[in-house]
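Those protein sequence lines, which keep their order, are chains A and B. Count along the first sequence from 1, add 613, and you get the number used in our numbering. Count along the second sequence from 1, add 72, and you get the number used in our numbering.
Don't take every hint at face value.
[To be verified] From the derived model, a few chain A residues whose C-beta atoms are all more than 12 Å from chain B:
id	residue
1	Gln621
2	His653
3	Thr664
4	Ser678
5	Ala749
6	Ala762
7	Leu784
8	Arg786
9	Gly808
10	Met820
11	Cys842
12	Gly848
13	Ala853
[Unchecked claim] If you want a taste of the chain A side facing chain B, the calculated C-beta under 8 Å gives, among others:
id	residue
14	Leu617
15	Val618
16	Asp645
17	Ser660
18	Ala662
19	Pro694
20	Gly705
Keep in mind that the hints were calculated from the coordinates and are not lab data. Built from N, CA and C at the ideal position, the CB exists for glycine as well.
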Amino acid sequence: MPALVEIQAGIRDYMIAGDASGLADRLFGGRDPLARVAIHRRHYRASLAQTLLGKFPACAWLLGSETLNAAVMAFVEVEPPLAPCLAEYGDGFPGFLGARLGQRVPFIEPFAQLELAIGRASVAVTRPPLPIDALAAYAPESLPDLEFALQPGLAFVAADYPVHDLMDVFLGRTEGHDGPLPRRAAFIEIRGARGSFSFRAVDPGTMAFRSALQRGSALGSAAEEALACPGFDPGSALAALFAEELVIAIGQSPETGT
Amino acid sequence: MTKSRDDLRTGIGLRLPHLAVVAATRPTANWLEIHPENFLANPHARELLEEIADHYAISVHTVGVSIGSAGGIDAAHLKRVRALVDRLDPVLVSGHLAWSTHKGAYLNDLLPLPYNEQVLDLLVRHVGEVQDGLGRRYLVENPSTYVGIRGSIMTEPEFLGELAQRTGCGLLCDVSNIHVSGTNLGFDPVAYLEAFPAEQVAEMHLGGYTPEADPADPGAELLIDTHAAPIADPAWRLYARAVARFGATPTLIEWDSALPPFATLQNEAAKADTLAAAVLGWEVRHARAG
């Protein structure tokens with residue numbers, strides 16, 4: 614009698630990639646047990662496909678349903694979920710789309726990244742923001758070492774094409790125009806909470822500063838990173854962060870304080 | 073086991089499409105069951121659920137804990153479920169006699185197990201880990217089955233009874249699953265029900281299934297546990313037998329896809345209450361939410 618681990622490895626391989634070798638003599642049920650276990654595979658694949666198609670309707674609009682469906686089924690065969698929350702499934706799909714279709718649609722990967730970020734931001738929950746006065750609790754010389762927690766529904770996408778313009782067309786906010794999407798760098802900030810979302814192009818310094826803070830960089834390091842972008846002004850960037858109610862917590866990096 | 077009139081009441085599965093309307097209008101429901109995996113990565117849904125939990129008794133029905141995985145319990149997932157359970161303080165916490173995870177891949181379906189001593193030892197260990205990890209008694213549900221794994225030396229009710237006896241877990245008897253599995257694997261659902269360990273039953277489920285042609289057996293029909301249809305007459309008849317055998321037991325109406333208006337689920341719950349009351353000779357009472 615095979616060990617449970619071997620049985621489950623065989624079923625896993627079948628579920629993901631369709632390899633049924635060695636399964637038939639381990640199963641029973643009906644005249645063809647492999648046809649029965651195929652019901653599980655069908656459910657598995659359909660549930661993942663439904664999850665991905667639900668997350669990427671704009672990609673379906675852009676590529677056509679047939680093309681996206683084929684990409685989804687191909688993705689499902691190479692990348693199973695790694696955790697039981699299907700809402701977390703599909704982070705690798707934009708990259709997969711880029712590798713599969715990028716030659717034909719060069720902006721598909723950042724467009725899908727933008728769509729994924731919008732979906733994630735729109736189920737976030739806004740936290741009470743801190744006023745800029747909160748900085749008064751810290752000594753001026755400690756400011757560069759401060760770390761900021763930003764609103765959970767904040768995300769950034771950098772692209773070589775203005776994919777946010779294309780998303781506006783999908784959403785019916787603007788009319789499309791004929792011709793290919795021009796190649797132009799875009800730095801896109803996405804915000805969302807409780808079912809709503811917005812996105813806009815920001816200057817590269819703002820994106821560098823905010824995304825560095827979001828990754829956990831201290832204020833000084835984030836500003837230094839953003840200063841590589843022409844025109845970035847740390848003072849007004851800091852003021853804007855509070856004015857736009859993006860800061861929800863302040864702490865000091867472990868080296869310098871609590 | 074003492075049963076009371078409160079145990080008669082039938083609850084409703086709360087799924088994401090109904091979340092906002094339930095939070096806003098607080099429709100009548102005796103209790104609500106949620107799948108924690110739908111809320112762990114959705115902060116907005118979780119916020120609405122926490123509001124709802126202030127007004128309804130909640131049951132937490134896990135679909136991703138995978139007590140049958142040879143590779144062990146996903147401790148990180150269990151920890152996330154624990155955090156939600158602690159916040160909701162549910163009246164019941166349950167999961168399935170099945171597996172869904174192997175070597176890091178989550179297969180998003182409830183896959184069958186062989187019922188033998190080695191698997192029983194494994195599940196005894198895993199149910200213990202789950203009960204310790206969640207800090208609560210866990211109810212284990214009989215699965216719906218299309219295909220079995222060779223190597224079983226005991227029946228499913230025997231296996232569940234041993235598991236309950238050795239771990240102190242409770243059992244969730246899914247009446248529709250008995251009918252589905254009996255039809256698909258050719259056993260007598262009534263005999264299965266009669267063998268089910270009654271003392272450990274703390275909850276029942278009733279869900280809709282969908283018939284489809286058996287591809288390997290022309291003219292024969294399979295039942296697929298879709299939870300996408302009204303509860304069918306054979307399941308209602310088996311439910312009446314289950315109530316007679318187990319007594320008044322909290323019962324859930326499961327409807328997960330092709331979701332109808334919430335009122336349809338309320339009607340199904342009222343039907344279950346009425347049927348159970350008739351079997352027990354009790355006067356039915358429908359509780360109000362809020």
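Structure-based check of all given hints:
no.	hint	result
1	Gln621	4 Å, violated
2	His653	5 Å, violated
3	Thr664	9 Å, violated
4	Ser678	20 Å, holds
5	Ala749	30 Å, holds
6	Ala762	14 Å, holds
7	Leu784	20 Å, holds
8	Arg786	23 Å, holds
9	Gly808	6 Å, violated
10	Met820	24 Å, holds
11	Cys842	31 Å, holds
12	Gly848	33 Å, holds
13	Ala853	25 Å, holds
14	Leu617	4 Å, holds
15	Val618	4 Å, holds
16	Asp645	3 Å, holds
17	Ser660	5 Å, holds
18	Ala662	11 Å, violated
19	Pro694	4 Å, holds
20	Gly705	14 Å, violated
Hint check: violations occur at hints 1, 2, 3, 9, 18 and 20; the rest are consistent with the structure.
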